[in-house]
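There are 2 protein chains.
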Amino acid sequence: MKGKFLETLSSETVFSGKKIRVVKEALKTVGGEVIHETVKHPGAVAILAMTGDGKLLMERQYRHSVGRYLLEVPAGTLEAGEDPITCARRELLEETGYEVVGIKKLGAVYTAPGYSDEILHLFAATVRRAAKQALDEDEEIKVELVEPSRALNLLERDGVSDAKSVILIQMLMARPTLLGRRMGRASAP
Amino acid sequence: MKGKFLETLSSETVFSGKKIRVVKEALKTVGGEVIHETVKHPGAVAILAMTGDGKLLMERQYRHSVGRYLLEVPAGTLEAGEDPITCARRELLEETGYEVVGIKKLGAVYTAPGYSDEILHLFAATVRRAAKQALDEDEEIKVELVEPSRALNLLERDGVSDAKSVILIQMLMARPTLLGRRMGRASAP
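From first to last, the protein sequence lines stand for chains A and B.
Numbering (this note's numbering) for the first sequence: 1 to 189.
Numbering (this note's numbering) for the second sequence: 1 to 189.
Calculated from the structure, these hints are not laboratory results.
Be aware that a few hints might be false.
It does not matter which identical chain is meant; a pair holds if it fits inside one copy or across any two.
Here are the simulated DMTMM-like cross-link-like pairs (lysine to aspartate or glutamate), alpha carbons at most 20 Å apart as the crow flies [said to hold, decoys possible]:
(1) K55 with E25
(2) K28 with E144
(3) K28 with E139
(4) K19 with D83
(5) K18 with E33
(6) K24 with E137
(7) K104 with E91
(8) K24 with D138
(9) K18 with E82
(10) K28 with D138
(11) K19 with E37
(12) K18 with E37
(13) K132 with E37
(14) K105 with E7
(15) K18 with E79
(16) K24 with E12
(17) K105 with E91
(18) K24 with E37
(19) K132 with E7
(20) K104 with E156
(21) K24 with E139
Using the sequences provided together with the hints, build the complete structure.
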């Protein structure tokens, strides 16, 4: 235990669902006791994917959690024991029908460390069209090819954008060579 | 209902905690039925805060959800009915002892639209030292003043950074005049 937390007094899984669990803990502090609730998440990947002609591969889909359609970079949740890079290749192919030519890791972020343990692994990939989409039952995804310079503006929907997409497109704007042809050759399988 | 979801067959609050709720729904689709779990969150704010001498005001704190200390921009959760800009001023003062001189909204993001409805409101502010910190029982926050050019590297802890801090610092890197003196004057209360 770190910070003000001296000891875990109790820990209980209060919800266990398809993808997330919620754990409620009582933590002892110097001054008394606090309740802490954590969303436990298997982790996820998000991919800045560029086609051979320099377009960003994006997805428009209805997000039931927020009640609207959003434009997002391809992303997905890790399966049990799955390596993030394997997940990135799988989700790209399933959700968009594009396969990875070259791929590299850009880093990782905690999406909401105040209440969730989710780690989002960030990748850049060059891609080419390979197959039809193979969507899950609850997915309806429209693939859109977007000019990188327009992408940040296109993300915004009523003043709100998707956080992971903002991070990856900002990275590309800061370093336009991020998806240069060399990456594709160097990391090709 | 939009996308593949035709109708909500059932909806149940399966967890109701201090800050978050979890709602489990059965949704009718063309092909059958899917279960959807949503974390309901009151929304939050994050602030890119700059002192008079051009340093970024950051916080280092232990995050129990992820089990480590993180360096983050000041942030906090909206109270019931609270305006985001009021929340930003309040959290800054409570967590750091700095008060807002000028402030402007930079936008908003969905932190994890796959399973959470959280909207994070993003602000830029010029700040000055005003008071002592007034922390909650479960907070232990160390204020750090950071050179903007070093901030992105300092965020990373074992390869993982805080997402909201990455977004705000990348915005500043893309537009170094974001926190120019004019903002402070124009928006001062």
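Could you check the structure against the hints above and give me the numbers of any it violates, in ascending order?
-> 1, 2, 13, 14, 19
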